[in-house]
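Chain residues, written in single-letter form:
Number of protein chains: 2
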Amino acid sequence: MLRRPEIRIGIDIMGSDSSPELLLQAADELAGSIPPNVKLVAIGHPRLQASTSLRYKTASETIEMDDPPLTAIRRKKDSSLCVGLKMLREKELDALVSAGNTGALVSYAKMSLSMLPGLMRPALLALLPTKKSPVAVLDVGANLQCKAAHLIQFAQIGAAYQLARGQALPSVGLLNIGSEALKGTSELRMAYHELSELSKEPNAYFRFAGNIEGKNVFDGNVDVLVTDGFSGNIFLKTAEGLANLILDRINENFSGDEALHMRKHLQDLQRHLHYAEYPGALLCGVKGVVIKCHGYSSPEAFSSGIREAIRVASEGFIQILQDKLVKRKP
Amino acid sequence: MLRRPEIRIGIDIMGSDSSPELLLQAADELAGSIPPNVKLVAIGHPRLQASTSLRYKTASETIEMDDPPLTAIRRKKDSSLCVGLKMLREKELDALVSAGNTGALVSYAKMSLSMLPGLMRPALLALLPTKKSPVAVLDVGANLQCKAAHLIQFAQIGAAYQLARGQALPSVGLLNIGSEALKGTSELRMAYHELSELSKEPNAYFRFAGNIEGKNVFDGNVDVLVTDGFSGNIFLKTAEGLANLILDRINENFSGDEALHMRKHLQDLQRHLHYAEYPGALLCGVKGVVIKCHGYSSPEAFSSGIREAIRVASEGFIQILQDKLVKRKP
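These protein sequences, in sequence, are chains R and C. Sequential numbering from 1 applies to the first sequence in the working numbering. Sequential numbering from 331 applies to the second sequence in the working numbering.
Calculated directly from the structure, the hints in this document are not laboratory data. Nothing here was measured: the structure is a model prediction, and the numbers come from that model. All C-beta atoms, glycine included, are put in the ideal place defined by N, C-alpha and C. Mixed in with the good hints there might be a few duds.
[What the hints assert, rightly or not] In the SDA-like style, the derived pairs of lysine to any residue whose C-alpha atoms are separated by at most 25 Å in a straight line are:
1. C/K462 with R/I250
2. C/K461 with R/Y205
3. R/K183 with C/T401
4. C/K617 with C/G362
5. R/K183 with C/K462
6. C/K545 with R/E64
[As the list claims (entries may be wrong)] Label-pair distances were calculated between CB atoms; the ranges are:
7. C/R537 with R/E64: 36 to 44 Å
8. R/K200 with C/A534: 38 to 46 Å
9. C/E336 with R/G220: 45 to 53 Å
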C-alpha cells in the first residue's frame, strides 16, 4: 500500500478575538476526524501546552489585533504568528492557519516566505457560495488600491486556485459597476483589455468573462472574481451582513414548533450562508499556504479554516500556480 | 378647509429596459390611489399619448440605455429625459421620475438644473432596509472616485435627507474596511477627521458614528452611509444579489402546499428584501427632485419610484438641504 506523505498544519491559537483555549479545543476535537497522514501542530503560549494532546510549538509573545502591524512584526519575533510563518519557511509545516492580526500576517508572510517569482503583491482569496459552484474572490483586503498589473496577477492566481480545485479552464470576471468594457476606473479598463488579450493566447488557462456586477456574482457564471482589496472587502462583508439580516428576519417571522420545522428545512440554507465566513481567506502569492480566519472565528469556523488548509496543501495549489507563472515567462 | 398645493410629478416612460407601455400603465393605475393634489404627467413618444388618461407631454426622441451620455444629451434635446428635466427647471414639475440612462440623467440634471449653492457634485442616494430604520446610502453610482471634500458633502446631503424624513440628529457613518480611524485610503482618513470636527460644531445637524463595515450597515446603527460611487454601487448590488441567492435557496427548499404556507409567512421578508430595488435612487445636490429607477424596473418598482418622488417633493428635502448649506457658510 502506498503511504501518503505527511501533511503538517500549523495552528496559531493566539491573538484573535476568540479565546486561545476555545481555538485549541476546536483543533483538538478536529484531530480525531482528519486523515491519519495529517498532523496538526498548535502554536501558542507555553501555559496552554499542558491542555492539549496535539504537537505543540511554544511562542512566548502575542501580536494583538490592534497592534500596528509593522511595529508588531519587528518587535515580537517570538509571537505565535511569526514563529508559525518561520516554521512554514523552514518546511517544518505545509500550511499555517491563523485568526490573528491580518496586516501583521500579510506583511510578515511577504517578508519571511517571500513572493512566488513574477508576483508583486500577496492577495487574500475567499471562496463564496453561488447558485452554481463557489466563486474565488480576490483580493478581499490585503491591497486597498490596485493597478491594472496587480489585478491581472490576481486573475492568474485565482485561475490557478480553481484549477487546483479541479475546475478546467476557469472563467474570470472583473468586479465592476456595469458590464460594458468602458465601465469603471482607468485601471479597471486597462485590466479588462489586458485580460481579454491574455485569455486569447494559445496556452491560456482561463477564460475572460468581462465585467461582473455585484448582483450577478451569485449567479455563479464566473469561477474567479477579480477586484482590489477595498471593493473586495466591501463585497465580502456586505454579503455577510445581508445574510445576517435575512436570517434575523426569518427568526422574527417564525416561532415555536413552526420555528423548529423551519430550522430543519433551513439548515442547508444556513450552512451555505455562513460558508462565506467559514473557511477563512487564503493568503496567495507567497511561497507557502497560509489561511487567515476571521478575527472573531467560532470554534466551528476555525475548524473549517483548518480543513481548508489541509485541502489547499493536499491539492498542490502552490505548485500549479508556480507552473502557470513560469509558462508565462517570455 | 386648507387646500393643499398641487404637486406635479413628471414620469419619463421612455429609454429604459422595460417597455414604455408597461411603465405608462403602471403610472395610470397608480393615479387612482394617490392624494388628489398630486398630478402625474407622463413624458414620452407621441404615439403613446392616446393610450393614457394622464396629462401627457410629448417628446419625439429617446435616449437609449447604451447611448454615450454626453453625446446623447447634446444631440437628443427633444428626448423625454431632457424634456422632463427642462420642465423641472421651468417649475412646470415638482419632481421627475426616470428609469433611463443614468449617465445622461446625472449629466443633464447637473447642466440644466444646476447644483445647489455650495455643492460640487450630484450623488445618487438609495434607501436600504436594516434591522432598525432604513439607511440612506450615497453615492451609489454617480461618482466613481471621490475626494474627502466630496464625501463630506455627501454626509451633509444624506443628513438633510433623513431630517426631511423626520429623523432628528441623524447619525452618519463612512463605509470602510474596518472601524478604526486609520483604516482605508488617505481620502477616507481625511473625511473621517473632518466629519468628526463638523459633528462637534454647535449648530451640527448630524452625529458622526465613524467607520462602518459592510457587515454592520444592516444592524441599523447609522442613518446615513457615506461612500464613493464605485464602492456604493458594489455595496448596493451585492446586497441585491445576495438577497436573490437566498430567495432562490428558499424556493428550492420548499415546494407545494408547504411553499404556499412559507410564502404567506415570507411575504413581509420578501417585501423588505426587494425594498432595495424599489423606490429607486434619489439624485441629490441639484436644484430639483429627480428619482432614478432601475433600468429594468418592473411596473411595481416603477410605481414605488413615483411614490418616493411624491414623498420627497412633499417633505421639502431640497429646502431643508439648502437651509443647512446656507448655515454652514462663514
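Hint-by-hint comparison with the structure:
1. C/K462 with R/I250: holds (15 Å)
2. C/K461 with R/Y205: Measuring from Cα to Cα gives roughly 44 Å; hence the hint is violated.
3. R/K183 with C/T401: holds (17 Å)
4. C/K617 with C/G362: violated (29 Å)
5. R/K183 with C/K462: This hinted pair is violated, its Cα atoms lying about 34 Å apart.
6. C/K545 with R/E64: The given pair, whose Cα atoms are some 22 Å apart, holds under the 25 Å limit.
7. C/R537 with R/E64: 36 to 44 Å: violated (29 Å)
8. R/K200 with C/A534: 38 to 46 Å: violated (56 Å)
9. C/E336 with R/G220: 45 to 53 Å: For C/E336 and R/G220 the Cβ distance comes to about 50 Å; the hint holds.
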